[in-house]
Structures are given as C-alpha cells and as structure tokens.
Amino acid sequence: MPPRSTRYLYLARHGEATQDGSALTENGRRQAALLGERLRPVPFPVVHHSPLGRAAETARLVAEQLGGVPTETAEEAGDGIPYVPCRAELPAEHADFLLAYIARFPAEAREKGPLQARRALKRFTGPVDGPEDRHELVITHNFLVGWLTRAALDAPDWRWLMLNQGNAALTVIRYAPDRPASLLVHNDVRHLPKELRWTGFPPELHV
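For the sequence shown, my numbering gives the first residue as 3, with consecutive numbering after it.
Because the hints were derived from the structure by calculation, they are not lab data.
Virtual Cβ for every residue (Gly too), placed ideally from N, Cα, C.
Just so you know, not all the hints are guaranteed correct.
[As the list claims (entries may be wrong)] Here are the in silico distance ranges between beta carbons for each label pair:
id, residue 1, residue 2, range
1, Arg6, His208, 19 to 25 angstroms
2, Cys88, Arg42, 43 to 49 angstroms
3, Val187, His208, 17 to 23 angstroms
4, Ala157, Gly23, 26 to 32 angstroms
5, Pro158, His208, 24 to 30 angstroms
6, Arg121, Arg31, 27 to 33 angstroms
7, Asp180, Val44, 20 to 26 angstroms
8, Arg31, Val187, 36 to 42 angstroms
9, Leu207, Ser184, 24 to 30 angstroms
10, Leu207, Ser7, 34 to 40 angstroms
Sequences are here, hints too, so could you generate the full structure?
Here you go:
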C-alpha cells in the first residue's frame, strides 16, 4: 500500500471587505498582512483562494508576507450556501429562524453552493498520498470555513449554520492517516490587534 501522510489545512476568511465585496478596506489590508506575518514560518507551496475579489486580494497580501509564495484560484473555495437543510433536520425551536436566515441569500448561492462545498471537501480534506506531510492554505469565506469545520467534527450537515468566523481569522484542521480529523485551532484572531478582531461579526458578538 502506498504511504499516506498528514494534511494540515489552514483556513482563513478574507479580510474586511468593501460594501460590494469586490476589494478590501484599509482594515482588511492590515488584517491580511498580519495574517501573513503569523503564517510566515509555515512551508506553504501555494496560497489557494476563492475567485472573489476580497479573497484574491487577501491571498495576494498574505503571499507577499510569505516571501512571494504563488497564489492560485480555487473554484471550490468560492462563496455560497454549502447545505440547505429541510425543516425536519433542524431543532424545532430554531427551525423558523434558521430557514429564514438561509432564505435571505440569493437563489444562486443556495443552488450552486452545495456542489461547490462537496468539491471543497474532496479537494482539501483527508490525508495526502506520499511520504511527506502537507501544509495547505485556503483563503475563503465564512460559510465554507464553517462547513469544513462541521465536517471535521462529524457534526450534522446543517450545523455549518451559526459557526461564525471573523475576518482574517485562522482555523487549522489536521487530517492524519491513523486517526479522526482534529480541529487544532478555530477562529483564532490573536495575530490581530483588538480593533481589528471583530470585523465580520454582528455587533452583539463583539467583546
């Protein structure tokens, strides 16, 4: 049997974005640079990123801090609704709220998101073939980080909901050949100063 090795998957939400989501704000650019500084010791061969402008700009700024590591667009890392539950799957006391929350998003996000999320699971998770461990960095969006976190914990499919990520927050998942997936770090913002830590969260979650 060919050898298999451990994958370390580093997931980061893009930095704070402009209102139309096409680019980063000044805060977002600072967040991206600080994220890159934190990740500088990690041997990433490439920085994968969503096709959307806010993620691509974040990836470019992170890559600069990594010493010019190349960036690569990954369609699987795009934004969308990763899973649309039916009412019967949800806790009865929260079903109305959760279904109304999903309904706020465009139909295209609900229709295309699940396929994109399944492809992300296939491409970015699990142990890797070969004798050497691999470190992979993906700059993506709030919902996909929640979806991949949910999968690592074997939680129900609907439970990506309400897993909120701050802008430029870091999540790390280990996929070793001989054990279940391990969530090593989730939504870590210690590389950011206090004034940059809570962008991307609703006001009631700012502490």
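Range first: 24 to 30 angstroms. Now tell me if the beta carbons of Pro158 and His208 are that far apart.
holds, 28 angstroms
Arg6 and His208, beta-carbon distance inside 19 to 25 angstroms?
violated, 42 angstroms
Given the range 43 to 49 angstroms, decide if the beta-carbon distance of Cys88 to Arg42 lies inside it.
holds, 45 angstroms
Outcome for the supplied range 27 to 33 angstroms, where the beta carbon pair is Arg121 and Arg31:
With Cβ atoms ~29 angstroms apart, the hint holds.
17 to 23 angstroms as the expected CB spacing between His208 and Val187, which holds or is violated:
With a Cβ separation near 21 angstroms, Val187 and His208 satisfy 17 to 23 angstroms, so the hint holds.
Has the hinted range 34 to 40 angstroms been met by the Cβ atoms of Leu207 and Ser7?
Because 37 angstroms falls inside the window, the suggested range holds.
Determine whether the Cβ-Cβ distance between Leu207 and Ser184 falls within the hinted range of 24 to 30 angstroms.
Between Leu207 and Ser184, where Cβ atoms are some 26 angstroms apart, the hint holds.
Indicate whether the distance between the beta carbons of Arg31 and Val187 respects the range 36 to 42 angstroms.
Roughly 23 angstroms apart at Cβ, these two residues miss the hinted range, so it is violated.
Is it true that Ala157 and Gly23 lie within 26 to 32 angstroms of each other by Cβ?
Distance hint for Ala157, Gly23 holds at roughly 28 angstroms.
Asp180 versus Val44 beta-carbon gap, inside 20 to 26 angstroms or not
The hint (20 to 26 angstroms, Cβ to Cβ) holds, given that Asp180 and Val44 are roughly 22 angstroms apart.
The structure fails to meet hints 1 and 8 from the earlier list, while all remaining hints are met.
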